[in-house]
Amino acid sequence: MKQFKGRVITPGEVTAEAVVTTQGFNTLASLQMALQFGDKEVKCGDQNNAELHGKSLLGKALCLPQTIGSTTGGLVLYCACAMEKNPACMLFSGHIDSLAAAGAVLADVWVDGVTMPVIDSLGDEFLNYVKDGMKITVSADGTVSVE
Amino acid sequence: MILTKEQQAILDGERGETLAKVMKTIVMYGEAFEAEKLVPITSEYNHLVTSFGLKVMSPVYDLMQKLLDAGVVSGQKFSVDPRPLDKNVPANFLQNFVFNKFMYTKQDFYEEQLRKLGLLDDKAFSCTCYMDELGNKPKRGDVLSWAESSAVVYANSVLGARCNRNSGIIDIMGSIVGYVPYFGLLTDEGRRASWVVRVNTTKKPEAQLLGSAIGMKVMEDVPYVIGLDKWIGSELNDSACAYLKDFGAATASNGAVGLYHIAGLTPEAVELGEELIIEGAREYVIDDAELERVKKNYPVIWKKPDAKPKLCFIGCPHLSLEQLKDWTNRIEASLSKNGKKKVTVPTVLTAAPGVLEVFEKTEYAPKLKAAGVVTSYICPLMYMNNPLCKKMPVITSSNKLRTYTSARYYTDEEILSAITGGEK
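Sequence order for the protein chains is A and B.
Numbering-wise (the working numbering), the first sequence opens with residue 3 and increments by one.
Numbering-wise (the working numbering), the second sequence opens with residue 24 and increments by one.
Careful: at least some of the hints might be erroneous.
Said to hold, decoys possible - Under the rule of at most 25 Å between Cα atoms (straight-line distance), these lysine-lysine pairs were calculated in the PhoX-like manner:
1. B:414 with A:57
2. A:57 with B:413
3. A:87 with B:124
4. A:87 with B:44
5. A:57 with B:326
No wet-lab data here; the hints were simulated from the structure.
None of the values given here were measured: they were computed from a predicted structure.
Input sequences plus hints: build the corresponding full structure.
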């Protein structure tokens with residue numbers, strides 16, 4: 003087991019299985035089809051992301067460097083949370099980007115009853131170490147345990 | 024974050040619970056970027072990214088209704104991204120059924136909300152709100168609360184305004200409180216370039232391909248591009264602005280670029296030159312081979328990769344008036360050369376309602392119509408975002424449309440050949 007310490011963007015505690023992308027996570031391309039057409043597993047629809055395409059994101063610990071793409075990204079993430087179709091948590095190796103931050107904050111302020119911890123600045127080593135299927139535990143202080 | 028007394032009072036709920044939550048959203052958003060303060064929005068108008076009444080986006084409309092019910096609206100009027108539906112655009116019975124009865128069932132409801140929230144007028148639907156025909160063109164140095172990645176990158180880079188890559192909803196919330204957090208592309212330091220891109224091609228690079236290559240390389244960083252003025256000139260005329268519009272949209276969608284500098288051309292690069300480049304900036308050299316490599320690596324997700332195209336979209340982001348005229352000339356000439364009267368693939372050119380209105384009054388409009396080409400104010404991306412289109416071989420010269428849908432990207436010349444009966 004290895005521990006990484008990050009910065010808490012939105013707080014919470016959770017344990018979930020990791021899904022990992024080492025390239026930017028395109029929120030619109032990844033989630034829109036799944037949300038729009040009721041995919042129960044919320045499989046990633048981004049054809050440009052070979053690491054995630056077709057994999058379920060629902061309830062997973064999404065490990066990523068940053069999000070990219072359309073500025074609908076934040077509201078897509080907000081909708082995913084409001085519809086309870088969101089990842090269990092989002093763990094960024096670097097500094098969070100403006101779209102992901104917007105989605106996280108909107109969900110935190112405006113959605114009742116849903117918690118999606120978002121931690122950033124976990125470091126490049128985090129993304130090098132974590133692999134699909136590993137068990138992730140997020141603590142309230144931003145500590146992320148990977149085993 | 025240090026707030027003024029007025030801002031703190033809003034956050035404390037002195038002007039109502041809903042406005043307090045809006046302020047809390049903006050403050051938390053800023054704190055994620057260590058913003059020290061909020062700064063006033065100075066642009067005349069705002070621009071929103073959410074133009075579509077998608078059933079699945081109900082949480083967005085619920086939130087907008089909460090704002091309306093509480094009387095929490097902005098004094099700043101706004102334009103918004105293009106509409107997702109237009110009867111002019113070819114669609115079969117099943118597509119029309121899915122669009123109207125399943126997907127965009129909230130369109131009328133949401134447009135009514137937009138009117139109540141401050142929509143400029145019924146023609147204010149375009150991703151290119153900064154076109155003269157639309158009139159939402161910020162001045163250099165204006166502070167914005169815009170969303171829409173292609174509009175933000177254009178406003179920052181070509182117009183010299185200051186705007187972060189805000190998300191939908193954040194765009195209107197900033198406008199409601201009248202402030203945005205001071206970080207990133209609002210600051211002088213955040214506008215400096217951490218990449219130097221050298222364009223060493225032997226011909227004018229395709230705007231949307233060059234933008235794609237740079238976006239994928241630099242992600243959200245600011246690139247300083249050297250060598251492009253050789254191909255597009257040192258004056259921000261119609262042609263250069265249209266090029267930069269398409270280039271920027273590709274950098275923003277294939278990566279997350281919110282600002283680029285073009286040496287010798289864009290306002291800050293002209294004023295400050297290489298002072299804009301930070302020490303230790305990384306370098307990316309782009310030549311013909313690199314552009315070819317990038318293009319070849321685009322995945323082809325058509326069921327039959329050699330299928331005959333059923334539809335062609337040109338205009339994501341929306342075309343300028345000059346681009347509409349240019350495409351008309353090129354299509355007409357190519358059809359003539361190939362001995363044909365009409366396009367061989369159903370083709371849609373998209374532009375803002377105000378631009379189309381002007382175009383319709385020109386001599387070019389009947390020529391384009393005679394060639395069998397449809398014009399529309401639609402958002403091609405919204406048209407394509409459904410499983411029916413996934414099975415449909417659609418071609419486009421938009422790298423943004425390619426990124427988000429199953430549409431296949433071709434250069435302008437390849438598209439021209441494909442739709443006018445030439446060889447691909």
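Open item on the list: Check the hint pairing residue 87 (chain A) with residue 44 (chain B) against an upper bound of 25 Å on the C-alpha distance.
Closed with: With a Cα-Cα distance of about 23 Å, the restraint between residue 87 (chain A) and residue 44 (chain B) holds, given a limit of 25 Å.
Open item on the list: Against the 25 Å threshold, does the CA-CA distance of residue 414 (chain B) and residue 57 (chain A) hold or violate the hint?
Closed with: 20 Å, holds
Open item on the list: Check whether the Cα positions of residue 87 (chain A) and residue 124 (chain B) lie no farther apart than 25 Å.
Closed with: 23 Å, holds
Task: 25 Å Cα cutoff - pair residue 57 (chain A), residue 413 (chain B) - done: This hinted pair holds, its Cα atoms lying about 18 Å apart.
Task: residue 57 (chain A) paired with residue 326 (chain B) [C-alpha distance capped at 25 Å] - done: Holds, because 20 Å separates the two Cα atoms, which is no more than 25 Å.
Of the numbered hints stated above, none is contradicted by the structure.
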